[in-house]
Amino acid sequence: MDAGAAHLQLETVQELYRKVALIRRFEDRVYRLFLEGEIPGTLHQYQGQEAVAAGVCSTLRIDDWITSTHRPHGHALAKGVNTSEAMAELYGKATGCCGGKGGSMHLGDPAVGMLPAIAIVAGGNTIVTGLGLAMKLRKSDQVAACFFGEGATNEGAFHEGLNFSAVEQLPIVWVCENNLYGASTPYGRVSLVPDVAERAKVYGIPSQIVDGMDAVAVREASAAAVEHARNGGGPTLLECKTYRFTGHSRSDARGYRTREEEQEWAKRDPLIVLAARLDEATVARLEAEVKAELDEAVEFARNSPDPDPATALEHVYA
Amino acid sequence: MDAGAAHLQLETVQELYRKVALIRRFEDRVYRLFLEGEIPGTLHQYQGQEAVAAGVCSTLRIDDWITSTHRPHGHALAKGVNTSEAMAELYGKATGCCGGKGGSMHLGDPAVGMLPAIAIVAGGNTIVTGLGLAMKLRKSDQVAACFFGEGATNEGAFHEGLNFSAVEQLPIVWVCENNLYGASTPYGRVSLVPDVAERAKVYGIPSQIVDGMDAVAVREASAAAVEHARNGGGPTLLECKTYRFTGHSRSDARGYRTREEEQEWAKRDPLIVLAARLDEATVARLEAEVKAELDEAVEFARNSPDPDPATALEHVYA
Amino acid sequence: MPEAAVATRRLTIAEALREGIAEEMRRDPEVFLIGEDIGVEGGFGGAFGVYLGLPEEFGHERIIDTPISEKVIAGAAAGAAMLGMKPIADMQYSDFLFECMDELVNQAAKMRYMSGGKVSVPMVMRAPVGMTLRGAQHGQCPESYFIHVPGLKVVAPSDAYHAKGILKAAVRDPNPVLIFEHKLLYGSKGREAAGGMDLTAEVPEEDYTFPIGQAVIKRAGSDVTVVATHVSLYRALAAAETLTADGIECEVIDPLTLQPFDTETIFGSVRRTGRLVIVHEDTLTGGWGAEVAACVADECLDYLEAPIKRIATLDVPAPAAPVLEQRILPQEQTIVETIRRLVG
Amino acid sequence: MPEAAVATRRLTIAEALREGIAEEMRRDPEVFLIGEDIGVEGGFGGAFGVYLGLPEEFGHERIIDTPISEKVIAGAAAGAAMLGMKPIADMQYSDFLFECMDELVNQAAKMRYMSGGKVSVPMVMRAPVGMTLRGAQHGQCPESYFIHVPGLKVVAPSDAYHAKGILKAAVRDPNPVLIFEHKLLYGSKGREAAGGMDLTAEVPEEDYTFPIGQAVIKRAGSDVTVVATHVSLYRALAAAETLTADGIECEVIDPLTLQPFDTETIFGSVRRTGRLVIVHEDTLTGGWGAEVAACVADECLDYLEAPIKRIATLDVPAPAAPVLEQRILPQEQTIVETIRRLVG
Ligand SMILES: Cc1ncc(C[n+]2csc(CCOP(=O)(O)OP(=O)(O)O)c2C)c(N)n1
Ligand SMILES: Cc1ncc(C[n+]2csc(CCOP(=O)(O)OP(=O)(O)O)c2C)c(N)n1
Ligand SMILES: [Mg+2]
Ligand SMILES: [Mg+2]
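Chains as they are written, first to last, in numbering that gives the first Met the number 0: chain A, 0 to 317; chain B, 0 to 317; chain C, 0 to 343; chain D, 0 to 343.
These are calculated hints, taken from the structure and not from any lab test. Glycine included, C-beta positions come from ideal geometry on N, C-alpha and C. You may find that some hints are simply not true.
[Said to hold, decoys possible] Derived coverage of chain A by chain D (criterion: at least 3 residues anywhere in the stretch with Cβ under 8 Å from a Cβ of chain D; other residues may be distant):
#1 116–125
#2 142–155
#3 265–271
I would like the entire structure built from these sequences, with the hints used as guidance.
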């Protein structure tokens, strides 16, 4: 690798670290604020899986699109939803990215190429085919990425979406975040074939298993898949093996998995994996930047007004 | 093969011929009666595919169950629905197997192990898992067979049903009748992978491609799958390559396929394939039996009363 | 005004829809078609032939034949609409809408709201309804499920002029619109089954739209207001003719749009006539007639001189046998007798 | 008579349902449970903990944890029921029912009819409803869609006694029954959010069922009939208390079953009070309140002294922000004011 490439590479790792840290610290902060009663509703958090969102979204342009799930905070921050507006949305404030109407499970912002997240498991898997179809019909070189969990692969929507994307050769990157569990259910209990990547083959879709704890590995796999889609090569499925460090939702005692398993995965924390490629000073600087961004976001959210109740009646129809 | 086995084999072929002929002559007769205005509604006919229903059902007991599709006449006759009652049902008569309430697309009779056919494409593919589950929970040695077209394999229900049957190791035989078209649509346009059998593999379900024009071949494959299921071995998928000799429904001019293709398949007519294994006298005798059965069925249907209009209000609730 | 346009051609609904689709595709390159068996060469042009001839003009890129995957049809239409395209999706029979309820109810209908108004979903879904001796899974009229979904618009045109006009309005509408059409009203084939009425209507050559949300008074009258759609509308009109012999003048209204409902036209009529009869082929309980009755019972109670009557398909699945189907469908004779009792 | 039974225990709805399920599983080996995350070791016992402890008694054979496949949950339940088993299926949130509408509407509901009465479908589907700050796809009350499906029964219990009794009746019913329960009423957690009311009820130790199709007059009164379910029922009861200060006596009715609806109890009450207010958390247009209003406007018109009023969630998807959610929900204050205007 020549000096230029090495520099580029270093910048990329820094950028990835910054995103992963932003998501991690955001989620940890949000959890505290939720426990303290500042954030209403419920939470499905993303700690542990940050490398997937950060790696994939680092290969997308702002005019590329993503769909997301009930666990969307990481996808939103990675795709570039404004951190303060994301936080305000969790607070249910008027300044939130969805004006307080979406909430945690529907974070998103079309301005940066993210549909409000879809909280129906695999719900995004049919919608994304429409994004891909629009791109194809318009002969644009945009790409759509669809995030979904391994649990979603047992929904009919997974099947219909993949098959249609193959038949129409849509510019879609299917990103499965296989974190081993769907709510309390281990994937091994609901699928005899452990690798989701296998499932892509019967649609004629190329697939790849990726280390979902390593943002650089995710980025590399995603870059190739995005490039392939952008050039008219059709869909790819990436199965990112990952782990959520938290419960399924905020009230989950995680009795269905062992602390040992959790500790094993904790060793592969995406922050550790990336930090190993950076020096301490850089990490400290990036963390400080992230902290400042989050302080600002919480301030912004706190100081934002509630939505005017009258707006509850707006935006049903145009 | 010793003499006893040969005799058995011969009886089997005769029985298969009889069933295939019964279905073929039934369908041809029904078509004429429909054109003459005696039979109301619409028709999806089974000519050409008879070997599949006859072969599979010849391996099932009366207390085994099948689910069927919008194209159910052949399945019904093969499973043992009374020919006269099936005919009367097409006529919309009170003596029909569903009292006139089901009609062509919902033929069936639980007394012989056939649910009223389900005319929603792949609709049977989730329902059948419940049949299999009941058998498993009751520790009975019954088996359920689910008939569906290749077009149904692109529905979400196909996917959910197969996966669940694998995970629960249900006693189900999945019988795909791949007749190359779903209505006007060639399978090659809606699936990049031409063999449905391939699709079973990602669920961990064994599968096999079968000559769907040869009732003996279907019978052999089905016998093994049924045996496997009966012994607790779980589901199997049989992909029977076949062809419908008629249009999709009664008003189809078949402009989407060539006359040459039709002629090629006509050479492999399941009646011809079976007749080659029998002597002419036997064939003539079987055909005569079938004709008598059908004459009686038509007489029965014609002479049966219409349902009492008041019964329209019955059977919504128990 | 569309009514003033010179209109000498008579078209069937199928012809009018085809023309409307073609005009919108010419006008706006973002309009495209998606569904099962709609454009296959040598195929049917959709289950009721509405798309015949369109692939020749527009090619297969804008006429997308899908796998049998209703979730994808609705989901892809919704997704493409979210990026601003104008899909016209096709459901072969409206009974199959139950296979893509999530995409319609949870996604297409709610996306604008969930996004705080940032995302539009300008999609159209066409779905044929009505009993035609095909049994329980090919004869439903599921309009009423969808009037209950905030975010969706629901229309149900009954003649060629309004079918074309409202389809074109739907394509240009920034919201998801479901168009329910009755199988027996498409064209000449249905004529006989629908009672021999003329199913063509004058359709102008000029570009026009008919507004979503506007009812049409098909026949003025002073004694009773009758609200009906599709085949039931023609039955109501025939009943109205019959009743003139009794000296009863019916005001027959085609609501055309079921959501948002043109309550003003209905209220105005009921305030004049003092009586309301609603007729629909959808089953009775929880049908859209209940909503109309409830609104009138709230807003026009003091004007009512008689109970509000609903005539609908009886609360049973569609049977296959002709005598049974006839027994459960709302019949002209029932309309006549009900109105006689109301007014008498 | 259940009312006469010695009943000293107070249970939450979750506890009562759990007990009812266990009793039915003990009584009949053909009863089994099926759904997502219902029996996983170390798991949640279902999204609202109703199944906690059941695997210990009944094992995993009769408590089937499915993949995330709602079509299979509904389809397998329906299929097993067609062979005579008695499945109790679980939908984590009723919003997900839109993923299995075909299985419920086209298959389970119609199979008896299509078969000419030969096939029964004795399945139960439980589905939690209600807004709890989770946004558009986790807060719906979709009861009304299902009252429109001939062949389905729909119940919506609001307290532990009736929840257990009607669940047990549903398990023994030969028809498919959907049980809608409100998330805020399950137990202590919901108490605060539901306005601090006591959410336990006396539940006898003895085996009892409560009949499907029978409404309960929760509070007798002479001035106005109020029909409400779930949280809205408690709001209506609170409003009734408030209104006694105005000298207004409300008769508050819990219909309990939405299909088949106990119209006789409602008609009887309206004929006495002359006024009807319906309250539900489902959205207004096309909600089950419309059907009740329509029936009353047909059968009781001459008794009505005031317009029929419906108070419901406003016609919008569920928003996430607390102030917005509160804005659209039917509030006690609105009930009070509406009734004051009606009676005043
Ligand atoms: C259609 C549907 N079914 C069930 C649920 C409830 N639910 C929410 S998340 C979840 C588990 C999802 O698992 P997976 O897809 O692996 O995503 P993960 O939570 O692991 O990120 C379930 C069952 C839902 N939201 N939508
Ligand atoms: C859910 C659903 N979608 C569409 C249809 C309309 N339809 C009836 S048969 C058919 C083609 C089915 O093809 P296939 O499964 O291959 O069966 P075949 O007709 O070839 O026997 C279609 C699209 C339907 N009945 N149900
Ligand atoms: Mg997971
Ligand atoms: Mg086929």
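Hints, verified against the model:
| no. | hint | in the structure |
| --- | --- | --- |
| 1 | 116–125 | holds (count 6) |
| 2 | 142–155 | holds (count 5) |
| 3 | 265–271 | violated (count 0) |
Of the numbered hints stated above, the single one contradicted by the structure is hint 3.
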